[in-house]
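Engineer: Residue numbers (the working numbering), protein chains in the order written: chain A, 107 to 423; chain B, 80 to 368; chain C, 134 to 553.
It should be emphasised that the hints constitute simulated quantities derived from the structure, not laboratory data.
Be a bit skeptical, because a hint or two may be false.
Okay, derived cross-link-like pairs now, EDC-like style, lysine to aspartate or glutamate, Cα gap no bigger than 20 Å in a straight line [to be verified]: (1) C:Lys392 with B:Asp212; (2) C:Lys537 with C:Glu485; (3) B:Lys197 with C:Asp525; (4) B:Lys197 with C:Glu412.
What follows is a list of derived Cβ distance ranges for each label pair [said to hold, decoys possible]: (5) C:Thr172 with A:Leu408: 53 to 63 Å; (6) A:Leu242 with B:Leu148: 43 to 53 Å; (7) C:Gly343 with B:Pro202: 32 to 42 Å; (8) C:Leu337 with A:Leu401: 48 to 58 Å.
Only a predicted model underlies this, so the values are computations on that prediction, with no experimental measurement involved.
Yeah, the Cβ is synthetic: ideal placement off N, Cα and C, and Gly gets one too.
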Amino acid sequence: MSSEQTRKLIVLAAIWAVLLLAPYWMVPLGGYTALATRVLVLGLAAMSLNFLLGFTGVLSFGHAAYFGLGAYGAGLTLKYLALSTPVALIAGILLGGVLGSLLGLLIVRRRGVYFAMVTIAFGQVFYYIAFQWSSLTGGDDGLRGFSRQPLDFGLFKIDILSSANNFYFFVLFCFALAVGAMGFILRSPFGRTMIAIRENERRSRFLGIPVERHIWIAWTLSCFFMAFAGSLYALVNNFADPHGLHYSQSGDFVMMAVMGGMRSFWGPLLGAAIFVMVQDYLSSVTVNWMSFVGLLFVLVVLFFPRGLLGFLQRSKA
Amino acid sequence: MTTLLLFNITNGLIIGAFYVLMALGLSLILNLSNTINFAHGGFLVIGGYIAYAISPWLGFWGSLLVAPLLTAIIGLAVERVLIRPLYGRDPLYSLLLTFGLAFIIEDGTRFIFGAQGKPVTIPSYLSEPLSNDLFFITGYRLFMVAVVIVAVALLFALLRYTRLGIRIRAGVLDLETVAALGINVQMLRSLNFAVGIYLAGLSGVLAAGQLGLEPTMGTGLLMPSFIAIIVGGIGSLPGTLAGGLLIGVASGLTAVFFPAASEAVIYVLMAVVLLIRPRGLFGEEGIMS
Amino acid sequence: MNAPVFTPKLNRRTLIKGTAALGAFQLASPFIIQARGETPIKIGMVDPLTGVYAAPAGNEVMGAKYAVAQINAKGGMLGRQVELLVEDSANDVGIGVQKARKLIERDGVNFMIGDVNSGIAAAIAQVTAEKKILHIVSGGHTDSITGKDCKWNVFRVCNTTRMEANSVCGVLFSKYGKKWHFITPDYAFGHTLYDACTDDLKKLGGTVTGNELTPLGTTDFSAYLIKARAANPDVLILLVQGSDMINCLKQVVQFGLNKQIHVAGTQQELESLAALPPEARIGVWMFEWYWKQPGVAGVDKFVADIRKVNDGHVPTARHWFGYTSAMSFALVANQEKTVDAVKLAAALENFELPDDVKLQPNKCYYRKGDHQLMTSAFVGEAQSKGKDDPEDLYRVDEVIPGDKTAPAVAETGCTIKWPS
Numbered sequence: 107m108s109s110e111q112t113r114k115l116i117v118l119a120a121i122w123a124v125l126l127l128a129p130y131w132m133v134p135l136g137g138y139t140a141l142a143t144r145v146l147v148l149g150l151a152a153m154s155l156n157f158l159l160g161f162t163g164v165l166s167f168g169h170a171a172y173f174g175l176g177a178y179g180a181g182l183t184l185k186y187l188a189l190s191t192p193v194a195l196i197a198g199i200l201l202g203g204v205l206g207s208l209l210g211l212l213i214v215r216r217r218g219v220y221f222a223m224v225t226i227a228f229g230q231v232f233y234y235i236a237f238q239w240s241s242l243t244g245g246d247d248g249l250r251g252f253s254r255q256p257l258d259f260g261l262f263k264i265d266i267l268s269s270a271n272n273f274y275f276f277v278l279f280c281f282a283l284a285v286g287a288m289g290f291i292l293r294s295p296f297g298r299t300m301i302a303i304r305e306n307e308r309r310s311r312f313l314g315i316p317v318e319r320h321i322w323i324a325w326t327l328s329c330f331f332m333a334f335a336g337s338l339y340a341l342v343n344n345f346a347d348p349h350g351l352h353y354s355q356s357g358d359f360v361m362m363a364v365m366g367g368m369r370s371f372w373g374p375l376l377g378a379a380i381f382v383m384v385q386d387y388l389s390s391v392t393v394n395w396m397s398f399v400g401l402l403f404v405l406v407v408l409f410f411p412r413g414l415l416g417f418l419q420r421s422k423a
Numbered sequence: 080m081t082t083l084l085l086f087n088i089t090n091g092l093i094i095g096a097f098y099v100l101m102a103l104g105l106s107l108i109l110n111l112s113n114t115i116n117f118a119h120g121g122f123l124v125i126g127g128y129i130a131y132a133i134s135p136w137l138g139f140w141g142s143l144l145v146a147p148l149l150t151a152i153i154g155l156a157v158e159r160v161l162i163r164p165l166y167g168r169d170p171l172y173s174l175l176l177t178f179g180l181a182f183i184i185e186d187g188t189r190f191i192f193g194a195q196g197k198p199v200t201i202p203s204y205l206s207e208p209l210s211n212d213l214f215f216i217t218g219y220r221l222f223m224v225a226v227v228i229v230a231v232a233l234l235f236a237l238l239r240y241t242r243l244g245i246r247i248r249a250g251v252l253d254l255e256t257v258a259a260l261g262i263n264v265q266m267l268r269s270l271n272f273a274v275g276i277y278l279a280g281l282s283g284v285l286a287a288g289q290l291g292l293e294p295t296m297g298t299g300l301l302m303p304s305f306i307a308i309i310v311g312g313i314g315s316l317p318g319t320l321a322g323g324l325l326i327g328v329a330s331g332l333t334a335v336f337f338p339a340a341s342e343a344v345i346y347v348l349m350a351v352v353l354l355i356r357p358r359g360l361f362g363e364e365g366i367m368s
Numbered sequence: 134m135n136a137p138v139f140t141p142k143l144n145r146r147t148l149i150k151g152t153a154a155l156g157a158f159q160l161a162s163p164f165i166i167q168a169r170g171e172t173p174i175k176i177g178m179v180d181p182l183t184g185v186y187a188a189p190a191g192n193e194v195m196g197a198k199y200a201v202a203q204i205n206a207k208g209g210m211l212g213r214q215v216e217l218l219v220e221d222s223a224n225d226v227g228i229g230v231q232k233a234r235k236l237i238e239r240d241g242v243n244f245m246i247g248d249v250n251s252g253i254a255a256a257i258a259q260v261t262a263e264k265k266i267l268h269i270v271s272g273g274h275t276d277s278i279t280g281k282d283c284k285w286n287v288f289r290v291c292n293t294t295r296m297e298a299n300s301v302c303g304v305l306f307s308k309y310g311k312k313w314h315f316i317t318p319d320y321a322f323g324h325t326l327y328d329a330c331t332d333d334l335k336k337l338g339g340t341v342t343g344n345e346l347t348p349l350g351t352t353d354f355s356a357y358l359i360k361a362r363a364a365n366p367d368v369l370i371l372l373v374q375g376s377d378m379i380n381c382l383k384q385v386v387q388f389g390l391n392k393q394i395h396v397a398g399t400q401q402e403l404e405s406l407a408a409l410p411p412e413a414r415i416g417v418w419m420f421e422w423y424w425k426q427p428g429v430a431g432v433d434k435f436v437a438d439i440r441k442v443n444d445g446h447v448p449t450a451r452h453w454f455g456y457t458s459a460m461s462f463a464l465v466a467n468q469e470k471t472v473d474a475v476k477l478a479a480a481l482e483n484f485e486l487p488d489d490v491k492l493q494p495n496k497c498y499y500r501k502g503d504h505q506l507m508t509s510a511f512v513g514e515a516q517s518k519g520k521d522d523p524e525d526l527y528r529v530d531e532v533i534p535g536d537k538t539a540p541a542v543a544e545t546g547c548t549i550k551w552p553s
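From just these sequences and the hints, can you work out the full model?
Structural biologist: Here you go:
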């Protein structure tokens, strides 16, 4: 193995070590396990968005819609259909992913600002549907009356409802699955093509690459991952609400991706960690936390546009 | 039924006129500087609060004239410090920065003025409705439409007949050549931004009389402005004008038949326009792809 | 102008963080071990301090802080000082639930207050029930909290929509007329309020000329008001709240509708009236608590004390909600001499609030069957300006006791299940 590969392996091992031990090192530092779980779920969402934004170069500002749809899918399943966590997750993934893929068919021909605005438009339509269809979704009050069910392995059950640590590890497991799949796709020829499209779309087209089809596939995959994150989010809160579909939620995800570094795989997770922890800490300390978070956005955009990881990479070069 | 429809179409036009004012400012900033100003709603709020703060001294008419100017000056400062470094970069960055700026403005106004809404009085001679049947056309709403018409006329005059206006229009088409011709592009962008913010501030002063004045009042007005621009066509100011009126009427009519969808309908409209005719009603092909 | 709410809090927070860090480094030398009697009892409070409910939420927090100061001045709870830990739910359920968990898991609160937003209140109630924490919902109005979703550990101070409707509908019918037209905000609170009002109206023999369901956050009500006017009702009932109420009333008055139709509604708040221009302060409503109650014990002191911390402004019902919630915890804990949630919940049932807490003329107690505070309804009329006080924007005509306005427990759909 070359030194480059060894270095990457060490970094990967370090990342997983940190994640695996999070409940243990977070608490003495004034954190709490539920916070770590939240970081994982929102980090997965940011990474799903980055799959599209950072690696294909396509900006979706309405991606939270699929996050929210995933949450509703999982919640509705637990509430009305089946008292099973895995079924709920699958239902949520399908709801967000399938609807996303259908919408993708309509919009792949657009680019740039138009694309971003269409994604906002569709996202908001879903938001209003969730808001108004209160008999199904609970409307503004949100969908509640369900909770994550223990994992039944036949021989033994794991209680993920009352044990915060158990739930954290379950979410970490799901996170690992999703992230593994993402990494696998990005390393495949398909993933390389996505990056090629990001770098120079016109040239890719000249090379005979069916650009729209690739963008649609990338879009669909990112919607499925996003819906997965959303389903997990419903389990974190035992609640689903329209706000998860709103464009301001999308804005938060984009910010996490930018803050951590759009061009890197793990960047958005780092961005999510920073965003969640800063918001959590600041909002306990001062009622004016919004100013500080806004200031953080401004500073990141002005001085760290490549995100924290981008900044670190550049200072190494 | 026809009276009901006519009423609501008129009503929709009045609402739309207000959207036009907001959207035009946004459009100006977008066209010349490729900047997506998500803080536009925040500047509306600033305009409203400045008017509230200075009206004990200057009265209603005074604050109407002065507050937007002060807002525009704040806009100039913001442009110089925060927006200027982002020119030449992907519009994503201006979107994110202004998104954060909107947070700061909302929180800042809450910090300075408190979360409690402020009572705003309008002159009593403006508060009377036109007639018993046309009760929804109050003097104030007519006044708002009048202000919008005057502002739009002045804006178009500015763009058509003044040197600044011609330079802005030229800059929208080809900023490089304008720079090569020796015109100070930095100043051009700043002034253009200031004009856009002036319109936002003016919207804020008008809105304060109609709605409750509180820190979160700008957020609900931002998206319709973007939609007005998209529907009318990015890059075309007459398009923005048409777009604003169209979404006002669409929203107003939907409120009659299907009120639950009255806010969602403008998003549906935008989605339809983007799918069928992405350049919008009056936009030019390929201006923003 | 409201002063920012948070000045003394910075010190407490830093203290907690410092203590946590100390604990981590295990410097628990014999000198630093604290006597058990000195560890404070913590009350957690989650409220939307940013967002559209920032004004009422801020006032609730102010009321609770005042209560804690009073409690500590009198010796605290069980001889220990009380600390109020406030977290911002930012009007977002995910954040509200996260903060609730933080307060319970990390900060170890014994009690919980919150949220103004009913949806968040209900979501937090799920967490507090799971963790067995006594929880008082100060300002979230949705009926299900003391109805079909009621829980053994959850109590509520503010009125239910049924109570609000029952308090004012009779007066409106006899005074103003039989044909009512409604402007209803299109979410659960609005729907239940509408159902409650129409049930009362039908029992009295009136008719509904129409119901305009307005999306939350509507700024322009003209389309709905056009329809309402065309229906020619006797009374226009505005069920909208907060910013929607302000916009709607402003437009009702600007359109001159109040000259032809009586304007009324159910819940009204001083925060909304204060944000309206004087000519728009009209209508018959019910308040959940009002500051001007001459001759009622304890009110003058409360008003004077709150004025000192509120930039000279009088307390609103929201201040009273926060105050009552925190005080209820202290009263029942000191009475039972324990902080055990199950014991205290049992003790809170049928617990009657003393004069200096209830601040109203009628008997005020937490009903056993549904844990709803039987608090009075202050029915009256808005006025543009008070005679003696610029903040006296409401004339109270009648103060109806809670157990007269509340439906029977059997009708609420609540069955309390105690943990085994």
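Engineer: Next, verify each hint and record whether it holds.
Structural biologist: Against the structure, the hints:
no. : hint                               : verdict
1   : C:Lys392 with B:Asp212             : holds, 13 Å
2   : C:Lys537 with C:Glu485             : holds, 16 Å
3   : B:Lys197 with C:Asp525             : holds, 16 Å
4   : B:Lys197 with C:Glu412             : holds, 14 Å
5   : C:Thr172 with A:Leu408: 53 to 63 Å : violated, 45 Å
6   : A:Leu242 with B:Leu148: 43 to 53 Å : holds, 50 Å
7   : C:Gly343 with B:Pro202: 32 to 42 Å : holds, 33 Å
8   : C:Leu337 with A:Leu401: 48 to 58 Å : holds, 56 Å
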